[in-house]
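Protein sequence lines, in the order shown, are assigned to chains A and B. If you're matching positions, the first sequence starts at 8 in this note's numbering and goes up one per residue. If you're matching positions, the second sequence starts at 302 in this note's numbering and goes up one per residue.
Among the clues, some could well be false.
Here are the simulated EDC-like pairs of lysine to aspartate or glutamate, each with C-alpha atoms no more than 20 angstroms apart in a straight line [claimed, not checked]:
#	chain 1	residue 1	chain 2	residue 2
1	A	K50	B	D357
2	A	K20	B	E446
3	A	K50	B	D408
4	B	K443	B	E471
5	A	K67	A	D83
6	A	K20	B	D452
7	B	K443	B	D357
8	A	K20	B	D408
9	A	K20	B	E453
10	A	K50	B	E446
Going by beta-carbon spacing under 7 angstroms, a handful of chain B positions derived as facing chain A [stated by the list, open to error]:
#	residue
11	A403
12	D408
13	L410
It is worth saying that the hints were derived from the structure and are not from the lab. Beta carbons: idealized from backbone N, C-alpha and C, even for Gly.
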Amino acid sequence: MLLARVIVDVMLKPEILDPQGRAVQGALGRLGLSGVTDVRQGKQFVIDIDGELDEDRRAKLEELAGELLSNPVIEDYRMTVANDDEVRA
Amino acid sequence: MSTRIGIVTFPGSLDDADAARAVRIAGGEPVALWHGDEDLKKVQAVVLPGGFSYGDYLRCGAIARFAPVMTKVIEAANGGMPVLGICNGFQILCETHLLPGALTRNDHLHFICRDQRLRIENTSSDWTRDFAPGQEIVIPLKNGEGGYVADEATLDLLEGEGRVIARYLEVNPNGSRRDIAGVCNERGNVVGLMPHPEHAVEDLTGPSTDGLFFFASALTSVLAGSHR
Numbered sequence: 008m009l010l011a012r013v014i015v016d017v018m019l020k021p022e023i024l025d026p027q028g029r030a031v032q033g034a035l036g037r038l039g040l041s042g043v044t045d046v047r048q049g050k051q052f053v054i055d056i057d058g059e060l061d062e063d064r065r066a067k068l069e070e071l072a073g074e075l076l077s078n079p080v081i082e083d084y085r086m087t088v089a090n091d092d093e094v095r096a
Numbered sequence: 302m303s304t305r306i307g308i309v310t311f312p313g314s315l316d317d318a319d320a321a322r323a324v325r326i327a328g329g330e331p332v333a334l335w336h337g338d339e340d341l342k343k344v345q346a347v348v349l350p351g352g353f354s355y356g357d358y359l360r361c362g363a364i365a366r367f368a369p370v371m372t373k374v375i376e377a378a379n380g381g382m383p384v385l386g387i388c389n390g391f392q393i394l395c396e397t398h399l400l401p402g403a404l405t406r407n408d409h410l411h412f413i414c415r416d417q418r419l420r421i422e423n424t425s426s427d428w429t430r431d432f433a434p435g436q437e438i439v440i441p442l443k444n445g446e447g448g449y450v451a452d453e454a455t456l457d458l459l460e461g462e463g464r465v466i467a468r469y470l471e472v473n474p475n476g477s478r479r480d481i482a483g484v485c486n487e488r489g490n491v492v493g494l495m496p497h498p499e500h501a502v503e504d505l506t507g508p509s510t511d512g513l514f515f516f517a518s519a520l521t522s523v524l525a526g527s528h529r
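Modelling step: build the complete structure from the supplied sequences, incorporating the hints.
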């Protein structure tokens, strides 16, 4: 059976303050990691789809990545299609 | 006949009962709307209450935006009906893009709950017309993701058009840009506010009764036919 996996990474836009990332940055320093200059925290969606990832579904995914999975006012997204090996693993 | 104001309950809404009470005390007739409703039951204004709709999953307000009732609310808002989003409701209005900008995690990362002093900056919107210009009020504020952000051009536009309806005084509780506590759309019928006027409508339970002005304003607006 064909199976497609699409990964959508969502990050706050660079100009938006990321207090969570900043808190993590502080924690990394306290736990002994020196030299951390910045941490940004994002989200990753791993989407498995039955069957082929045809053009229609790909277009619909793009649309929903920009409309539901991310808020274009504050976030950027990046969509990648995993290769077959990764999906079967 | 009293003015019918709808209050939407989403799974996870918390302040719908207080919002209904506030409407009643202000002299309106609260009408319960459910997130799955596909009609607005002839209401003349709508309140999206505070809480954690759909558990705040994904982003605050992101899923509520696609609830069936929201299709109708967006339609009505675009037609000029007064719509007030409080806290989570404000987040929903930003997610629907009825209002510009977005609400992000408080800059200090803590949930905050306090009685907050505000200055009313706009007395022409459908939800603030009963205030005196520059009136200072105290109402409760409680949020974890209440930091208002928008790009500089949008902030300048909002300031230039007088669409910042309320600003934080004394303390900026969440890192909101330019101390913004609430904004409205161009027409002034859609208003988003992070603090909670519905918790300040009775001396017994609130820090003031200043919150009543918002609900009374909507009644005034509907009576004046300013819902166009």
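Hints, verified against the model:
1. Between the alpha carbons of K50 of chain A and D357 of chain B the distance comes to roughly 15 angstroms, so the proposed pair stays at or under 20 angstroms and holds.
2. Taken as a hint, the K20 of chain A and E446 of chain B pair is honoured in the structure, with Cα atoms around 17 angstroms apart against an allowance of 20 angstroms.
3. For the given pair, K50 of chain A sits about 19 angstroms from D408 of chain B by alpha-carbon distance, which is consistent with the 20 angstroms threshold.
4. The hinted pair formed by K443 of chain B and E471 of chain B meets the criterion: a straight-line CA distance of about 16 angstroms does not exceed 20 angstroms.
5. About 17 angstroms separates the Cα atoms of K67 of chain A and D83 of chain A, which keeps this hinted pair within 20 angstroms; it holds.
6. Straight-line distance between C-alpha atoms of K20 of chain A and D452 of chain B comes to about 11 angstroms, which keeps the hinted pair within the 20 angstroms bound.
7. For the proposed pair K443 of chain B and D357 of chain B, the alpha carbon gap of about 15 angstroms is at most 20 angstroms, so the pair holds.
8. For the suggested pair K20 of chain A and D408 of chain B, the alpha carbons sit about 16 angstroms apart, so the restraint of at most 20 angstroms is met.
9. For the hint linking K20 of chain A to E453 of chain B, the alpha-carbon distance of about 14 angstroms falls within 20 angstroms, and the restraint holds.
10. A C-alpha spacing of about 17 angstroms is found between K50 of chain A and E446 of chain B, which places the hinted pair at or below 20 angstroms, so the restraint holds.
11. The interface hint given for A403 of chain B holds, since its Cβ lies 4 angstroms from the closest Cβ of chain A, which is under the 7 angstroms cut-off.
12. A hinted interface residue such as D408 of chain B counts as satisfied when its beta carbon comes closer than 7 angstroms to some beta carbon of chain A; here the least separation is about 5 angstroms, so the hint holds.
13. For the restraint placing L410 of chain B at the interface with chain A, the shortest Cβ-Cβ distance is roughly 5 angstroms, inside the 7 angstroms limit, so the hint holds.
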